[in-house]
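Student: Sequence:
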Amino acid sequence: AIKVKHPESKAADRIKNEYQVLMLLNKKGIGPKAVFFKSNTLVYEFVEGEYLVTWIQNQSKETIRKVLDNLLKQCFALDILGINKEEMHHPVKHIIIDKNHHSVMLDFERCYKTDNPKNVTQFIDFICRLRPELQKKEFSFTVEELRGAAGRYKKERSIPSFEEVRALLG
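One rule links them: number in the working numbering = place in the sequence shown (from 1) + 26.
Just so you know, these hints were derived from the structure itself, not from any lab. Hints may contain errors.
Stated by the list, open to error - Lysine-lysine pairs mimicking BS3-like chemistry, simulated, CA-CA at most 27 Å apart:
(1) Lys99 / Lys163
(2) Lys29 / Lys53
(3) Lys59 / Lys163
(4) Lys64 / Lys36
(5) Lys36 / Lys99
(6) Lys99 / Lys64
(7) Lys59 / Lys144
(8) Lys180 / Lys53
(9) Lys119 / Lys54
(10) Lys181 / Lys125
(11) Lys29 / Lys92
(12) Lys163 / Lys53
(13) Lys87 / Lys36
(14) Lys139 / Lys87
Here the structure is a predicted model, which is why all the values come from computation and not from measurement.
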């Protein structure tokens, strides 16, 4: 895939920022593989698959659970690195699931370093909004339980609080 800065865009160095973030995240197995960056053009590996919301409709509970768990782990890795992705509360077009059920996050141009990243909590908010669809697949968590665990994670940002969030989707 090729991403080129729009000539009229006022966003300074967004594509360069995305390349730099991808170079770091690729070492953690996150994002599409960055190939190169040159003069406001980013080339990265094309990811073929379906958007998460569409993909969920035709999958089993166990397959969905594994993918959501993997996405939570990616969000946790971003939090640990102090990188906020910004779109995790509504990542409808920012997550692709490939034919092997591997999840790939896309579009990192708005990422920024922070002492207070919100990737896990934003993704939990998104999962809460997916609850009606997930209930059809026999997920039994309540929004209150999940938001409560996310609130504890937000305060502590610890491995035990993260594991509590993960357990609710199990």
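Student: If a hint holds in the structure, say so; if it does not, say that too.
Tutor: Comparing the hints with the structure gives:
The suggested pairing of Lys99 with Lys163 holds, with an alpha-carbon distance near 21 Å, which does not exceed 27 Å. For the hint linking Lys29 to Lys53, the alpha-carbon distance of about 21 Å falls within 27 Å, and the restraint holds. Restraint check for Lys59 and Lys163: the C-alpha separation of about 32 Å exceeds 27 Å, so the hint is violated. This hinted pair checks out: Lys64 and Lys36 have alpha carbons roughly 18 Å apart, not beyond 27 Å.
With a C-alpha separation of about 33 Å, the suggested pairing of Lys36 with Lys99 is violated against the 27 Å cut-off. For the given pair, Lys99 sits about 31 Å from Lys64 by alpha-carbon distance, which is inconsistent with the 27 Å threshold. Distance restraint check for Lys59 and Lys144: the Cα-Cα separation of roughly 23 Å lies within the 27 Å cut-off, and the hinted pair is therefore satisfied. Between Lys180 and Lys53 the alpha-carbon distance is near 25 Å, which keeps this suggested pair within the 27 Å criterion.
About 21 Å separates the Cα atoms of Lys119 and Lys54, which keeps this hinted pair within 27 Å; it holds. Our distance criterion of 27 Å between C-alpha atoms is broken by Lys181 and Lys125, whose separation comes to about 36 Å. Between Lys29 and Lys92 the alpha-carbon distance is near 30 Å, which puts this suggested pair outside the 27 Å criterion. A hinted pair counts as satisfied when its Cα atoms are at most 27 Å apart, and Lys163 with Lys53 does not qualify at roughly 33 Å.
Proposed proximity of Lys87 and Lys36 is contradicted: the alpha carbons are some 43 Å apart, above 27 Å. A C-alpha spacing of about 34 Å is found between Lys139 and Lys87, which places the hinted pair above 27 Å, so the restraint is violated.
Hint violations for this structure: numbers 3, 5, 6, 10, 11, 12, 13, 14, all remaining hints satisfied.
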